[in-house]
Amino acid sequence: MTTLQPATLEILANRTMEAIVVGASAGGVDAMLHIFKGLPQHYPLPIIALLHMQETRESKLAELFQHHLNLQVKEATDKESIAPGTLYFAPASYHLSIEHNLQFSLSCEAPLHFSRPSIDILMESAADAYGEALVGILLTGANPDGAAGMRAIKQAGGLAIVQDPDEAEVDYMPRAAIQLQTPDMILRLGRINQLLITLGEQHVH
Amino acid sequence: MSTLDIELRLLMEAIYLRYNYDFRDYTGASQKRRVVQAVRALNCESVSELQSRVLHDTDLFTQLLQFLTIPVSEMFRDPSYYACLRTEVLPVLKTYPSLKIWVAGCSTGEEVYSLAILLREEGLLERTIIYATDINPVSLDKARKGVFPLSRMQLYTKNYQEAGGKQAFSDYYTAAYSAALFDRSLCENITFADHSLSTDSVFSETHLISCRNVLIYFNRKLQDRALGLFHESLCHRGFLGLGSKESIDFSDYNRRFEAVDKRERIFRKL
Ligand SMILES: C[S@@+](CC[C@H](N)C(=O)[O-])C[C@H]1O[C@@H](n2cnc3c(N)ncnc32)[C@H](O)[C@@H]1O
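Here the protein sequences come in this chain order: A and B. Going by my numbering, the letters in the first sequence line up with residues 1 to 205, in that order. Going by my numbering, the letters in the second sequence line up with residues 1001 to 1270, in that order.
Next comes chain B alone, as it looks inside the complex:
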C-alpha cells in the first residue's frame, strides 16, 4: 500500500471517529482525486496535515466536505428518466390518496424541484410529501433556497421540454439578476433533511425513491446497505429510480426488484 493510500485510509477513519461521517466504503479512485484536490485548495502539505487540521477545526471539515461529496446536479438531468416517471410511474401513484417520495442524495436540489414540477403538472403535488435528504449541509441550504444560476436555464428548459413538460419552463421561476428563483409553492411539501445512506436507518414508508448518481460513489458493500434501506422504506410495489449508469446487478437485491424500464433504471419492489 502506498503512503498516500495509508494516509487516505487514516483520514477517513479520523473523520468517522470525530464527525461520524462514514466515507470508508466509498470507491477509492475518485475519493483520492478529490482529497488530493482538497489538500491543494486548503493549503496543506499532505493528507496527514489535512487530517490533523480537520480533527481540530470543524469549519475546515465543512470545507473538506465540499470535496468529499460531489455537489454537481442538473434539473431534468436525463430527460427520458422524467418522461418515464411521468408515463409509467405517476399513473400508478395517482391511485394512492397520499404519497411519500424520498429523494436520497438530493445535493443542491435540482432533482427535487424537477420532481415537484412533474408532480404539479400531473396534479399530484398537493397530496405528496417529499423528503429530500443529503449529508452535505451546505448543499441542503442551497436546495432549500431554490435559487439556481440563470445561465443554466437554457439547458434546463431544453431538458424540461424533452421530459414532456407541459408549460413554459419560465413559468416556474422569476429571473433576478443572474439568478432564477423557483416558485416557493413548489416546496411547500418538501422537507429537506440531513440523512446518510452510510450511517442512518430508514425513517419513513415511501412510494417512490429517486436516488441518482449517489450509488456510483459507493463500493458494492455500501451499495448493498443503501439498497437495503430503499427496499425497507418502499411500500409494497413501491418504485425506485437510479442514475442512468447505475445498476443493481451486482447486488443481491437485484432479485427483490423488477425493472419497470431497464434503460431508465426504474425498478419496482417485488
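One chain only, chain A, in its complex shape:
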C-alpha cells in the first residue's frame, strides 16, 4: 500500500477539514474511482465531485460510482443541505455552487471554459463557504477549468492538491492549475487515496 510521506502527514496534523471538492475532465472517471476506493460508508466528510461530461440531461455518474463504492453517492440537488458520508456529483447543464449555509444551489449562467457545470464556479463558492476547512483536489483533464478554483481554495486557506501531471491521463488541467498557483501538494492517485483515508481517520467533530 502507498504510504504518506512524513511531510504530508505533518501538513495534515492539527487541521480539521470539513469538506472535499474534486474536479476533473478527460480521464476523470477512472481517476476518481481510484481516489475514492475504500472510503468507508460513514466517512465523516462530504465529497463534492464535478466531472465534465458531454451535455446530457441525465447523468449516470452517481449510479456508476455507487456500484463501486461504500459511500452514499447521489446527484446534488438545488437547496439540499450537504451531509457527511456522501459523495455528490454535480448535475449536467447547470452550474453548481455551495452557499454559506452549506446548501447546494444551481444556476444556468453561461458556460465557463465551455463547461457547465464549471469546476471554477464550484470551487470558488466552496472556498467562500468552507474557507480553510476545505480540501480541493484537481485531477486529469484537457481544459483549464479548475485552475482559478484551486487558487481560490489556496487563497482562502484551504488545502490544494493537484494530481501529478506526469501520471495524469491528460496533463493539461493539472499543469494549468500548478502554473497559476503552486498547490500545497502534487500527488499521485494512490497517495491522494491514502490522504483521503487518513483525513477520515483523523477527523474530530
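The hints are simulated quantities; they were obtained by calculation from the structure and are not laboratory data. Where hints are given, some of them may not hold.
To be verified - Derived list of chain B stretches under chain A, where covered just means 3 residues or more per stretch with a C-beta under 8 Å from a C-beta of chain A: (1) 1024 to 1031; (2) 1125 to 1131; (3) 1215 to 1221.
Said to hold, decoys possible - The calculated DSSO-like cross-link candidates involving lysine-lysine, where the alpha carbons are at most 27 Å apart (straight line), are: (4) B:1100 x B:1142; (5) A:74 x B:1221; (6) B:1158 x B:1262; (7) B:1269 x B:1145; (8) B:1142 x B:1158; (9) A:74 x B:1262; (10) A:37 x A:60; (11) A:37 x A:154; (12) B:1158 x A:60; (13) B:1100 x B:1262; (14) A:60 x B:1100; (15) B:1221 x B:1269.
By construction, the Cβ of each residue, glycine as well, lies at the ideal position given by its N, Cα and C atoms.
The hints should help you fit chain B with the ligand onto chain A, whose structure is shown.
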C-alpha cells in the same frame, strides 16, 4: 462576514429601498459572481462604489439588472418537458372552454413562444390567454418583439422535433438577415407584464403555470413565497411545471401538489 459580503448585503438593501426590487433572498454564491462581474463591466472600483452610483442613476440600475437577472433561455429547452405537456397536460386542459396560462420568469420569451406553438398545434391557442411575466423590462421588450438569433434555429429545430413538433419548425418564423421573426399571430393572446415573485401578489386564476429555472435563484424562504403564489393562482387541480433540476421537496408545499411526471417536474395542485 467578509467586507464583500457586507457590501453585497448593503447593495441589495439599497436596491430594495430605492427601486423596490427585492433581491435580498436570492442565493448568495451566484449573486456574488454576477455582482462582481457587474462591478468590472460598469467600471467601478468596488461594490460600494457601484451602490452609490446606482442609487443616483436609474439607467445604471437598468444595466445592473441585466447582471442580477439571468437572461438566458432557449426554445423547447428540455424537449421532453414540452412532450410531457403535450401528452399529459394539454389533453386535460382541452376540457376547459377557456384557459389561462402563466409563464413566470419568462425572460426573453423563448419559453412563451414554445408554449404558444404547442398550444396552436393542439388547437388550444385561440381560447388561451397567456400571461408572461418577468422583472426585467429589457427582457420583456425582447420577448414582445419575438425576434431571436437565426443562429439558434438549428438547436431550436432539433428541440422542437424532439418535443413532438408536428410541422416544419421554419413554418413559425421568417428569416431576415441574422434574425428569425416569429409569427405575430402566435402572440395575439399573450400579455407580457412586469411581475415579481418576490414582491407582487397573485393577479389571476390560472390553469397552468410554467416557471422554469427561476426558483433556483431563490433561497428556500423565497421559493416558498413563489410556490405560495402559484398555489393560490392555480385553479382546482391546476398544473405547475418547473425547471428540470428544480424541486418542491424542500418546501411545505410539497404536500399540496402531486407529481404528474416526476422527471419532468410537472405537478398538479391537490
Ligand atoms: C434563467 S431565466 C429563465 C428563463 C426561462 N424561464 C427558461 O427556463 O428558459 C430566469 C428569469 O427569471 C427572472 N426573475 C428573476 N427574479 C424574478 C422574480 N423575483 N420574479 C419574476 N421573475 C424573476 C429573471 O429576470 C430571468 O428572466
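Results for each hint:
With a cut-off of 8 Å between beta carbons, the segment 1024 to 1031 of chain B has 4 residues touching chain A; three or more are needed, and the interface restraint holds. Restraint check on the segment 1125 to 1131 of chain B versus chain A: 0 residues with Cβ-Cβ distances below 8 Å, three needed, restraint violated. Given a C-beta distance limit of less than 8 Å, the hint that chain A covers the segment 1215 to 1221 of chain B holds, as 5 residues qualify and 3 suffice. The hinted pair formed by residue 1100 of chain B and residue 1142 of chain B meets the criterion: a straight-line CA distance of about 22 Å does not exceed 27 Å.
A distance of roughly 25 Å separates the Cα atoms of residue 74 of chain A and residue 1221 of chain B; the hinted pair therefore holds under the 27 Å criterion. Our distance criterion of 27 Å between C-alpha atoms is met by residue 1158 of chain B and residue 1262 of chain B, whose separation comes to about 24 Å. Straight-line distance between C-alpha atoms of residue 1269 of chain B and residue 1145 of chain B comes to about 33 Å, which puts the hinted pair past the 27 Å bound. Under the criterion of a C-alpha separation no larger than 27 Å, the hint pairing residue 1142 of chain B with residue 1158 of chain B is consistent with the structure, at around 23 Å.
Pair hint residue 74 of chain A plus residue 1262 of chain B holds up; C-alpha atoms about 17 Å apart against a cutoff of 27 Å. Using a Cα cut-off of 27 Å, the hinted pair residue 37 of chain A and residue 60 of chain A holds, with the two alpha carbons roughly 19 Å apart. This hinted pair checks out: residue 37 of chain A and residue 154 of chain A have alpha carbons roughly 25 Å apart, not beyond 27 Å. For the hint pairing residue 1158 of chain B with residue 60 of chain A, the CA-to-CA distance comes to about 23 Å; that is within 27 Å, so the pair holds.
Simply put, residue 1100 of chain B and residue 1262 of chain B have alpha-carbon atoms about 23 Å apart, close enough for the 27 Å limit, and the pair holds. A threshold of 27 Å between alpha carbons decides the hint, and for residue 60 of chain A with residue 1100 of chain B the separation of about 38 Å lies outside it, so the pair is violated. Between residue 1221 of chain B and residue 1269 of chain B, the direct Cα distance comes to roughly 20 Å. Compliance with the 27 Å bound is thereby established for this hinted pair.
Checked against the numbered hints given earlier, this structure breaks hints 2, 7, 14; the rest are met.
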